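Participant: Given next are the chains, with one letter for each unit.
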Amino acid sequence: MRLARDVVRGEEERKLRDISGEEVRSCYQCGKCSAGCAMTSMMDLLPHQVIRLVQLGQVEEALASRTIWLCASCLACSARCPRGVSLPNVMESLRVTMLRPGGRHIDPARLPADVLENAPEQALVAGLRKYS
Amino acid sequence: MSLRQGSMRYPYFPGCTLKAKARGFETSAVASAGALGVHLDEMENWQCCGATFPLQADNSFPLVSPARTLASARKMGERLVTLCSACYNVLKRTNHVLRTDVGRRDKVNAFIEEDYAGDLEVMHFLEVLRDDVGFDALARSVKTSLGGLAVAPYYGCLLLRPNDELGFDDPEAPHILEDFLSALGCQVVDHPYKIECCGSYVALEPGDLASGPSRMVVESARSRGAQAIVTSCPLCQYNLDVAQQGAHGREQAGVPVIYFTQLLAIALGLPEDVLGFEGHVISPGPLLRCVGVVGSDAIA
Amino acid sequence: MFVCWCGLNIGGVVDVPRVVEEISGCPGVARAVDYRYMCSDPGQQLIRDIIREERLDSVVIAACSPGMHESTFQSVAESAGVNPYRCEIANIREQCSWPHQNEPLEATRKAVELIRAAVEKVRGDEALSALSIPVTRRALVIGAGIAGMQAALDIADAGHEVVLVDRLPHIGGHMAQLSETFPTLDCSQCILTPKTSEVGRHPGIRLLTSSEVESVSGYVGNFTVKIRRRATYVNWDLCTGCGLCTEKCPSRTPSAFERGLAEEPAISIAFPQAVPHKPVIRPEACRHFTKGKCGVCEKVCPVGAIDFGQQDSLIEEKVGAIVVATGYDLHPKAKVGEYGYGVYPDVIDGLEFERLNSASGPTQGQIRRPSDGKVPKEVVFIQCVGSRDQENGYPYCSKICCMYTAKHARLYKHKVPDGQPYVFYMDIRAGGKGYEEFVQHATEEEGVLYLRGRVARVFQDGEHVVVFGVDTLSGKKVEIRADMVVLATAIVPASGAKELARVLKTATDEYGFFSEAHPKLRPVESLTRGIYIAGCAQAPKDIPDTVTQAGSSAAKVLTLFSAPRLSHSPTVAAVDEEICTGCGICVEACAYEARALDTRRHVAVVNDVLCEGCGACAVACPNGATRQRNMARSQAMAMIDAVMG
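Protein chains in written order, with this note's numbering: chain V, 1 to 132; chain G, 1 to 300; chain W, 1 to 645.
Isolated chain V, as found in the complex (with noise of 0.2 Å):
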């Protein structure tokens, strides 16, 4: 990993600021939402490792995390933050950044028909809104 100013006062990283309205800078990697997290057996990065990524400047590789599409907003870390970081912000910002362009995580028509039969309407409308 290259680090330059260039690098760690990016571009990437500002845009997320705006978007999130979080400062990750204020994270100091004490792992308290990962410690706390639902979702981590299927992560591939744990939460506090996406932030560490986003303080380095590292948003490319951030974006690319299976970890961003598998947060579930449930807010279980942001409650417990000690640094009052909002990581849900953060992760939607990481989300949002790559559908804004147009980007799709999920595509309804390719849902499955028994997910789309059974699935309740809540499910179908926040799933759709968050991954597309």
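Hint data in this document are derived by calculation from the structure and do not stem from the laboratory.
Since we're looking at a predicted model, the values are computed, not measured.
Some clues are possibly wrong.
Said to hold, decoys possible - One-sided and incomplete, this derived list gives chain G residues near chain V with beta-carbon spacing under 7 Å:
{"hint": "1", "residue": "Lys21"}
{"hint": "2", "residue": "Gln56"}
{"hint": "3", "residue": "Val142"}
{"hint": "4", "residue": "Glu196"}
{"hint": "5", "residue": "Cys197"}
{"hint": "6", "residue": "Ser200"}
{"hint": "7", "residue": "Tyr238"}
What the hints assert, rightly or not - Per label pair, the in silico range of CB-to-CB distance:
{"hint": "8", "chain 1": "G", "residue 1": "Lys143", "chain 2": "V", "residue 2": "Pro108", "range": "44 to 54 Å"}
{"hint": "9", "chain 1": "G", "residue 1": "Ser283", "chain 2": "V", "residue 2": "Arg104", "range": "28 to 38 Å"}
{"hint": "10", "chain 1": "W", "residue 1": "Arg481", "chain 2": "G", "residue 2": "Gly185", "range": "27 to 37 Å"}
{"hint": "11", "chain 1": "G", "residue 1": "Asn163", "chain 2": "W", "residue 2": "Asp461", "range": "55 to 65 Å"}
What the hints assert, rightly or not - Covered, in the sense of this in silico footprint (three residues per stretch, anywhere, with C-beta under 8 Å from a C-beta of chain G), are these stretches of chain V:
{"hint": "12", "segment": "23-34"}
{"hint": "13", "segment": "116-125"}
Note that CB positions come from ideal geometry on N, CA and C, so glycine has one too.
Add chains G and W to chain V, keeping to what the hints say.
Facilitator: Coordinates of chains G and W only, in the frame set by chain V:
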């Protein structure tokens, strides 16, 4: 607190899911409320709350839909009752933004051509039962004994967090569902995963990803002897229910996941047609027949 | 007129030669010179030389804050024959070059204006001499933990009487609760009891336990203190400390000294080595007081010392100096919901662990968990609980937890060799002599497993307390089914610290830790003259630092006591009695109780030694009868004119 007969009317927001996949949640709630002298007055101009609170600081557009509902409800009165945890969460959080963030309030009001200041009180039906009906009075209204049915409460996330905006209950050790269940005569099964996330909308991800956390929740309740789990969130109900699909073999039966209002309706002795258990993967029918609290075979 | 460069501090921003040039022409300025470091010996000599050369009667020094070097330059001026109160400082560093680092032109202009104003002021300054006040050579020490005891002993050993007050019935503070101490693992009681017994028998120390300071009036050298001595319901003059009463007392309630891990009788002595070794009755637990019957202790006492009718008494003491050593408490239990602190019996705090490990504690020093008395084989220690947590606790580091957690983990291993201690930490802060080595020993030699990360949740699961944590170094979530969890909860000021600060008319920070006069150079002086601070009352600190600071505060007290009289600045308020109408507005304006009405003569008077020279009364006075010495209205107007140009 004593019941004030027929005196309580509340504007009520059902939300999309309660008109479709979770019909039983609404029918059992409205009927139970009526039996307790509470009239849930469905508001006329409501639209989908958006199902998830938007977490983008630079985009107020997702607040428009819930804001329209709130502005419309304010014209009916000072309070708005919700049943679905997601609707409660989104409406209450949106209301908080409109009350405290003048910039975003002005932006949203300009768009919806309203002048709404966030001065509505968004409530959950559980709060009505606790504060206005009273759990003591509720206990006195029970007609069908639940005979110590072992029930695990499940809060999930949307009722509890963020606590500084919702103020619903102690976020680490909530007890309103426990108090409710005790009032109905149930045996409350405490379990550590009652405040952990079920996986929420990650259910849409291919590959059954949300079922991991949901299985943990079900197992946490089942291993402590729970015969049923109660929730107030259709997505939690779905996730916990689906996670048990095919997972329960001969050695262990599935744990039915039901809405707290369905249990309430049974306890109040209401007709079985308001329960609406259709669509549940783990049917509560056999369990409820087994403990003798419902009789008809109509409940499949 | 002398301008200091202060190296680059001033000279790097302000154009000093230009300032000298502009000031040279000002009316009344005989000469203006600059020098690189005016506070240096050659700089001081330069001032003396020019004073003599030019036969100056007053000087202005443009340099750093008067808080730093005013007294230096005043004595330089005095040594060259200028009255020290005709030496004025223009602060062109803190009030000019530092805040205006990026605006050199503006800073230079402002420096000239500040100096012109000081020149105008010095032209109106009178030659004054310092006021002299007497000193009462007795000290009050509030709090008899290790800090208060050390300060009291040092002062008393130097031959001055000390009144030592503690609100508990015994002395020793939290140190009496500790089992062993880091980094040497010597027994806390073994090193503490020599101090407690010395305090108990010292002829120069008047020990007032079960007592609290109720009010303080007066000023440095001359405080009057009222102390409430609470009823103990035992006549200590008669009591022999035989212990029959505590043996026979039928009541049992949780013991505060044992942090609720054991029960004690309503009449009791907190621990075997307690000084004074006399019992007290806690009326809230005593059946005589709560139910109106019983009286067993009264019946069994062989000397008739029980006195249910005893009342609180008020004691008045006159002292010249006060040392505040009120210590600390731990972060309240109710505030750590995610760890089930205060809910699950096997989630305990550091002081509770000390009691479990103490030979005189509830388990006689065996590590047995509170719920069922079993020896825990998996023990999780969590650091930074409430500390370094601005959202749910306090932003500061509690400083001692890294060390005492390492100590706890090691002591646990000594007692339970087949047990496994885990420590969740964020950073190890072990700056101290032998401290880092102590922590390293825990990991290398004793098998304590350190996990770098915070814990999110602790919950009860059957017999276990389950810990959800993380090890950020491996990037893995960690789940431990523990038998007991020990929380290193944040150090907070002792309850009532803010109220005491109000009584003492001194300041605390937002948390209630007493504020020091300067964080580096005056760390034991409070913001009120004559009041000093020692130990955790000021900030979290360990025993060595506490003892050091206590000794230091005692040295300050002794310095104060060593002068025959104290000097006080003469730049105080003065009253022209010819004009004064005795309206009393000045009395209301004064924050220091330095103004009063002489009802007989119908004029307002100034108590010089209480006056801090703030000027509030001079401004409030409707007809100009009150003036501030060396800050007359005419001087102020001239200074404003000088600045406004």
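Participant: Next step is simple, just say for each hint if it's right about the structure.
Facilitator: These are the hints, each one checked on the structure:
Look at G/Lys21: its Cβ gets to within about 4 Å of chain V, closer than 7 Å, so that hint holds up. Against a cut-off of 7 Å between C-beta atoms, the interface hint on G/Gln56 holds, since the closest Cβ of chain V lies about 6 Å away. Annotation: G/Val142 was flagged as interfacial toward chain V, and the flag is violated, the nearest CB pair being 29 Å apart, outside 7 Å. Nearest Cβ of chain V to the Cβ of G/Glu196: about 5 Å, under the 7 Å cut. The hint holds.
This hint holds: G/Cys197 has a C-beta 4 Å from the nearest C-beta of chain V, less than the 7 Å allowed. Of the supplied interface hints, the one on G/Ser200 holds, with its beta-carbon coming within about 4 Å of a beta-carbon of chain V, less than 7 Å. Hint on G/Tyr238 holds. Least Cβ distance to chain V is approximately 5 Å, under the 7 Å limit. Evaluation of the 44 to 54 Å hint for G/Lys143 and V/Pro108 yields a pass: the beta carbon distance comes to about 45 Å.
Under the hint 28 to 38 Å, the C-beta atoms of G/Ser283 and V/Arg104, about 36 Å apart, fit the expected range. With their beta carbons about 34 Å apart, W/Arg481 and G/Gly185 fall inside the hinted range of 27 to 37 Å. Against the hinted window of 55 to 65 Å, the Cβ-Cβ separation of G/Asn163 and W/Asp461 comes to about 24 Å, which falls outside the hint. Closer than 8 Å: that is the beta-carbon criterion, and the segment 23-34 of chain V has 0 residues meeting it against chain G, so the requirement of 3 is violated.
Interface restraint, the segment 116-125 of chain V with chain G: holds (8 residues with C-beta to C-beta distance below 8 Å; minimum three).
The structure does not agree with the numbered hints 3, 11, 12 stated previously, though it agrees with the rest.
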